[in-house]
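Undergrad: Heads up: the sequence shown begins at 0 in numbering that gives the first Met the number 0, then just goes up one per residue.
What the hints contain is simulated information worked out from the structure, not anything from laboratory work.
Glycine residues also receive a C-beta, built at the ideal position from the N, C-alpha and C atoms.
Mixed in with the good hints, there may be bad ones.
Across the chosen pairs, the derived CB separations fall in these ranges [as the list claims (entries may be wrong)]:
hint	residue 1	residue 2	range
1	5	108	38 to 48 angstroms
2	120	47	38 to 48 angstroms
3	5	59	20 to 30 angstroms
4	60	8	15 to 25 angstroms
5	116	57	37 to 47 angstroms
6	113	59	26 to 36 angstroms
7	65	92	16 to 26 angstroms
8	76	35	19 to 29 angstroms
9	124	74	32 to 42 angstroms
10	73	125	32 to 42 angstroms
11	69	34	15 to 25 angstroms
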Amino acid sequence: MRSVVDGVDGALGCAVADMRTGELMGVAHNVPYFTAEYLEAVAAAAVEMFRGKTVRHVEDLISARRGVPSERLMEEVQMTTRHTIHFMMVLPNNPEAVVVLITDRRTSLGMGWAATRRSVLDIEPILDADATA
């Protein structure tokens, strides 16, 4: 997480959250007010955006229309606030984890997405090692 934050101009923080529990699995940031409570709330919100009841309902409706079994469709979400951009991505080989990169508005969208997608190459092997330990 630290290498992601250090490698992106305007990065405020980066975290990985468990999609089953909403708990943080790793985090690094440069913002004093990013307290544990704040970070846990952001992680829970990210999980809700990908796995929440309303999202699940939409996925079920899409599957019913297509006549296929219901599946998790949400892979990436970008959210912009007045002062920040949040890049969120489900890990492709570990769909029970999501990486969240928070930047200020100076960061280009391309840079944010490139860093988020590149971070997966470092994160997934660590999660795989933890799972086998």
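Undergrad: Now tell me if each hint is right for this structure.
TA: Consistency of the hints with the structure:
Checked against the hint of 38 to 48 angstroms, the C-beta distance between residue 5 and residue 108 comes to roughly 20 angstroms, which is inconsistent with it. Between residue 120 and residue 47 the C-beta distance comes to about 26 angstroms, which lies outside the given range of 38 to 48 angstroms. Checking the proposed 20 to 30 angstroms range against residue 5 and residue 59 shows it is violated: the Cβ atoms sit about 41 angstroms from each other. Separated by about 40 angstroms at the C-beta atoms, residue 60 and residue 8 break the suggested range of 15 to 25 angstroms.
A beta carbon spacing of about 24 angstroms between residue 116 and residue 57 contradicts the range 37 to 47 angstroms that was offered as a hint. Distance hint check for residue 113 and residue 59: the Cβ-Cβ separation is about 33 angstroms, which falls inside the suggested range of 26 to 36 angstroms. At roughly 25 angstroms, the beta-carbon separation of residue 65 and residue 92 lies within the given 16 to 26 angstroms, and the hint holds. Taken as a hint, the range 19 to 29 angstroms holds for the pair residue 76 and residue 35, whose Cβ atoms sit roughly 23 angstroms apart.
Between residue 124 and residue 74 the beta carbon distance is about 20 angstroms. The supplied range of 32 to 42 angstroms is therefore violated. Range check, residue 73 to residue 125: Cβ separation about 23 angstroms, and the 32 to 42 angstroms hint is violated. For residue 69 and residue 34, the hinted distance range of 15 to 25 angstroms is not satisfied, since their beta carbons lie about 37 angstroms from each other.
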